[in-house]
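Asker: Full structure from sequences and hints, please.
Protein chains: 4
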Amino acid sequence: MGIVLGDNQYGKAETRLVRVDRDGERHTLRDLNVSVALRGGLADTHLTGDNAIVLPTDSMKNTVYAFAKQYGVGQIEEFGLRLARHFVDSQPSIDAARIAIEEYGWTRLGPHSFARDSSETRTAVLTYDGNATSAVGGLQGLVLLNSTDSEFWGYVKDAYTTLPETRDRILATEVAAHWRFGVLPGEWADSYAGVRAALIEAFVDTYSRSLQQTLYQMGYRVLEKRPEIVEVRLRLPNKHHLRVDLAQFGLDNPNEVFVAADRPYGLIEGTVLRDDASPAGLSWW
Amino acid sequence: MGIVLGDNQYGKAETRLVRVDRDGERHTLRDLNVSVALRGGLADTHLTGDNAIVLPTDSMKNTVYAFAKQYGVGQIEEFGLRLARHFVDSQPSIDAARIAIEEYGWTRLGPHSFARDSSETRTAVLTYDGNATSAVGGLQGLVLLNSTDSEFWGYVKDAYTTLPETRDRILATEVAAHWRFGVLPGEWADSYAGVRAALIEAFVDTYSRSLQQTLYQMGYRVLEKRPEIVEVRLRLPNKHHLRVDLAQFGLDNPNEVFVAADRPYGLIEGTVLRDDASPAGLSWW
Amino acid sequence: MGIVLGDNQYGKAETRLVRVDRDGERHTLRDLNVSVALRGGLADTHLTGDNAIVLPTDSMKNTVYAFAKQYGVGQIEEFGLRLARHFVDSQPSIDAARIAIEEYGWTRLGPHSFARDSSETRTAVLTYDGNATSAVGGLQGLVLLNSTDSEFWGYVKDAYTTLPETRDRILATEVAAHWRFGVLPGEWADSYAGVRAALIEAFVDTYSRSLQQTLYQMGYRVLEKRPEIVEVRLRLPNKHHLRVDLAQFGLDNPNEVFVAADRPYGLIEGTVLRDDASPAGLSWW
Amino acid sequence: MGIVLGDNQYGKAETRLVRVDRDGERHTLRDLNVSVALRGGLADTHLTGDNAIVLPTDSMKNTVYAFAKQYGVGQIEEFGLRLARHFVDSQPSIDAARIAIEEYGWTRLGPHSFARDSSETRTAVLTYDGNATSAVGGLQGLVLLNSTDSEFWGYVKDAYTTLPETRDRILATEVAAHWRFGVLPGEWADSYAGVRAALIEAFVDTYSRSLQQTLYQMGYRVLEKRPEIVEVRLRLPNKHHLRVDLAQFGLDNPNEVFVAADRPYGLIEGTVLRDDASPAGLSWW
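If you read the sequences in order, they're chains G, Z, P and V. Numbering of the first sequence is given in our numbering, commencing with residue 3 and proceeding in unit increments. Numbering of the second sequence is given in our numbering, commencing with residue 3 and proceeding in unit increments. Numbering of the third sequence is given in our numbering, commencing with residue 3 and proceeding in unit increments. Numbering of the fourth sequence is given in our numbering, commencing with residue 3 and proceeding in unit increments.
Errors might be hidden in some of the hints.
Same chains, same names: a pair is fine if it fits in one copy or spans any two.
Straight-line alpha carbon distances no greater than 30 Å define the calculated DSS-like cross-link-like pairs of lysine-lysine that follow [what the hints assert, rightly or not]:
hint, residue 1, residue 2
1, Lys71, Lys159
2, Lys71, Lys227
3, Lys159, Lys241
4, Lys227, Lys159
5, Lys227, Lys241
6, Lys241, Lys71
Don't read these hints as lab results, they were simulated from the structure.
Answerer: Structural data, given as structure tokens:
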């Protein structure tokens with residue numbers, strides 16, 4: 003019996019990059035958080051501390067900034083792919099690279115003035131292993147709420163069930179969605195906008211009998227609308243809004259006054275995919 | 003020499019209230035975080051644990067929910083004033099009440115569907131002491147950035163100064179603003195919108211030689227535009243964006259690629275007020 | 003081509019439980035955060051909103067509290083296993099359960115008085131699928147620092163490398179470790195204490211030429227000391243401490259004054275395991 | 003009527019400093035977060051953007067690091083006083099300086115190895131105006147809990163009161179304490195340890211009928227034990243632990259199983275001081 007090194011990776015996480023493009027008076031702003039992870043023949047540094055084939059994570063950070071100047075940022079999926087290919091192609095010991103990017107949105111206020119958008123974040127994960135390329139788009143921090151058209155009843159009642167059934171409740175969640183591309187789209191920005199719209203529209207349109215039903219509709223709508231996507235993974239916390247019992251104060255409360263609860267929360271996670279989806283490969287690294 | 007009880011207050015903090023108003027199919031959503039603090043003749047509970055004149059903080063929470071049903075929320079300043087008056091007027095031992103409210107914005111997606119806005123928060127602090135009422139409006143979490151029209155030079159150089167002067171830099175901040183009303187306006191929502199617009203416009207319009215200059219312009223603009231306001235307090239962190247030196251990679255960087263730094267940060271705090279502003283009284287409690 | 007439901011699960015996350023055991027005057031305190039996730043034949047609720055085989059997440063929360071009374075908490079691994087088995091055994095539609103628990107430590111100050119420990123958290127993940135049981139122990143939030151005996155040199159220099167080599171630096175990390183049990187130990191508390199000590203001792207003892215080397219030594223030490231463990235996964239951010247250049251102020255700085263940087267940070271992740279480790283099964287769910 | 007500049011200040015916030023003292027093999031570690039704020043004749047930079055008497059906040063950061071080398075850190079109160087005096091004495095336009103320091107504790111693991119302590123933080127605020135010096139010590143993040151010896155009853159019952167009276171509850175809080183020195187002690191470390199012990203002992207010893215009573219006892223104990231302190235300010239959130247009603251599951255719950263609630267929380271704030279305390283001056287800036 004021996005002790006061995008298993009899966010491992012390393013890189014620089016959370017390099018904060020702001021890129022200003024200047025077209026005369028009119029500026030464009032891109033605000034990213036870039037994380038690099040590399041895999042390969044890294045046994046020596048683990049076993050003996052020999053770093054002969056280790057690229058410092060500091061160099062990865064420098065590469066992010068230099069590439070932002072040399073090539074611009076473009077769409078984050080393009081920027082990530084360029085970085086992933088660079089590390090694998092230029093480092094003989096590296097077999098695969100994963101670039102994860104968060105993009106923070108800004109609203110234009112003037113030719114060179116901007117206000118930071120909501121906490122909603124666009125994400126992308128790009129991987130490259132010397133042959134195959136994969137791309138996963140995503141968004142997180144999008145908080146949605148329907149103040150009606152949500153029911154929850156007809157469920158299992160076990161010895162620990164006290165929840166009353168309801169035909170009308172608030173349904174609220176903070177969407178974390180990630181979607182896998184079957185083919186790389188020519189127009190990343192259009193694709194992102196289309197997926198985001200499909201997620202929101204399905205949430206709004208669905209008369210819901212469970213958050214699972216809403217989740218499935220959200221994933222289904224994306225696949226229905228966006229042929230370039232083959233799989234959608236959703237993580238939806240059920241942000242409970244509890245109706246306050248005001249009867250003790252002589253008041254009725256026909257779903258008007260709620261406590262927005264912090265914890266605990268339901269957590270619904272699910273995948274919707276095409277039945278002929280190509281294998282995921284490195285996508286979900 | 004003796005040991006005595008000094009200033010003290012107590013209350014329920016961060017009661018999370020969501021209020022749905024239903025006008026047929028079309029719902030309206032209000033999302034608040036309400037904190038209550040009361041002052042008065044509270045020596046007994048401190049000195050002996052006698053709670054005979056202590057209203058439980060749990061009752062304050064219940065009052066928030068019950069009032070949201072009985073009276074609706076309306077503008078947060080109105081809701082806060084109603085609560086402040088209630089506690090002082092109904093509790094003989096209480097001399098003064100302070101109600102602090104944060105309101106989270108939501109964008110309408112449909113008749114009863116909403117998406118949570120940015121991290122920007124509208125705030126209000128209402129105080130009442132049995133006679134005088136005071137109101138302080140505010141906002142926090144508004145992140146603004148100008149990608150040019152900001153300089154910083156001509157400053158003191160002491161033995162520890164290494165910062166190079168610049169005629170072109172990014173200026174970015176996260177606005178925390180609070181403003182005192184000289185008179186209570188009839189239209190709280192209009193007033194809020196007007197102050198917010200003035201703050202943003204002054205940030206955008208000001209060709210800045212220091213964040214202090216921008217701060218003063220922001221406060222000045224509010225007072226210029228809104229006669230109901232007599233004092234503005236601003237807290238502006240200088241969210242540094244550091245130009246990356248790319249010369250070592252054979253690249254120039256004419257203010258295009260920046261590190262968005264976390265810490266440390268400059269912190270500029272200042273007050274702009276009318277020279278005939280009425281005394282602040284309990285406003286800044 | 004069709005669109006189908008893929009992997010999915012649901013449950014109640016972050017149920018906050020405090021359990022007081024009273025042995026006369028002397029109390030014992032347990033402070034947990036419990037998350038439940040269930041898998042099984044849940045297609046109906048996703049596809050049609052039919053909840054006939056859905057146990058409400060609210061019932062899971064109630065079960066956590068009721069079991070804490072009925073059986074006590076004991077070691078968190080035991081508590082988690084009891085819950086996992088309960089949900090699978092009592093719910094015909096559920097195939098597998100995953101119970102993840104965080105435990106917050108408290109230091110005794112008196113017979114019934116306690117101070118909360120550091121941000122370090124003990125974790126456990128227990129899974130059960132009707133046949134097999136698996137257990138993963140863990141800790142997170144343990145921040146360790148060596149102020150010397152760390153070098154980093156001899157690495158790849160590419161076109162973007164500017165980092166100077168060093169024979170003496172601070173090495174600091176925040177340990178996130180998870181370890182898989184090959185056999186369930188009789189004494190969970192002893193096992194936890196032993197693993198934790200091994201992790202810390204290896205960090206302290208290792209003269210380090212890379213954080214990867216330290217990572218491997220930490221995993222190795224656990225496996226060497228604890229026969230019940232077959233695999234250790236470590237996630238170690240490199241919390242950079244940057245030596246300040248004080249030469250510009252006429253001062254040398256022989257590794258005495260450092261900036262504790264926030265972002266970016268290196269991120270080193272790796273697995274150390276026995277070469278005859280049993281298959282992981284559901285362990286890493 | 004005119005618009006004028008009111009109170010203002012500026013400085014560098016959250017400069018993160020780690021100082022290693024090397025005594026041969028044995029190292030000592032100090033880990034600080036230092037914030038500087040300066041006041042003075044700063045009208046020009048606000049009104050016109052003329053920075054001729056503005057010391058850049060970047061220079062303040064450099065000063066923190068340079069002083070850490072030149073003079074060492076010593077006790078944080080001493081380090082803060084040195085910085086405060088430096089800025090006022092060296093900058094003609096600056097009338098007063100406020101240095102706020104947080105210190106993070108580390109436990110020794112070996113001659114040069116350390117583990118970060120709990121989230122408890124020692125704080126100090128030092129101010130200097132060219133004549134007077136003031137010092138405020140503090141701590142925050144200390145979480146304390148008594149699992150019995152706490153009652154709450156005999157309180158006001160108004161129309162919104164539903165809270166049942168209790169003769170036995172959990173009392174838990176996260177202490178934020180700040181204390182003002184009447185005279186500067188020779189031994190800052192002893193003083194800090196003494197105050198901290200007094201706060202904890204009073205929390206543990208007090209049979210409590212309200213958190214206000216506990217607060218007063220904590221402040222009183224500090225003043226009783228530490229002659230160098232003249233005033234103590236305490237901010238104590240009531241971290242509610244709610245007894246779970248298990249009767250619906252056929253179980254009693256004699257104060258054994260609790261929900262640790264997040265929000266809302268009671269918030270108790272109070273001051274205990276000597277009746278002959280010197281005026282506070284700039285202390286609470």
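Asker: Hint by hint, say whether it matches the structure.
Answerer: Against the structure, the hints:
1. For the homomeric pair Lys71 and Lys159, the shortest alpha-carbon distance between copies (21 Å) is at most 30 Å, but the shortest distance inside one copy (60 Å) is not.
2. Taking the closest pair of Cα atoms, Lys71 and Lys227 never come within 30 Å of each other, the shortest separation being 35 Å inside a single copy and 42 Å across copies.
3. In this homomeric assembly, Lys159 and Lys241 come within 30 Å of each other (Cα to Cα) only inside a single copy, at 22 Å, whereas the closest approach across copies is 33 Å.
4. In the homo-oligomer, the alpha carbons of Lys227 and Lys159 never lie at most 30 Å apart, since the shortest distance is 38 Å inside one protomer and 47 Å across protomers.
5. For the homomeric pair Lys227 and Lys241, the shortest alpha-carbon distance inside one copy (27 Å) is at most 30 Å, but the shortest distance between copies (40 Å) is not.
6. Only between protomers do Lys241 and Lys71 lie at most 30 Å apart by alpha-carbon distance; the minimum there is 22 Å, versus 42 Å within a single protomer.
In the structure shown, a violation is registered for the earlier hints numbered 2, 4, in ascending order.
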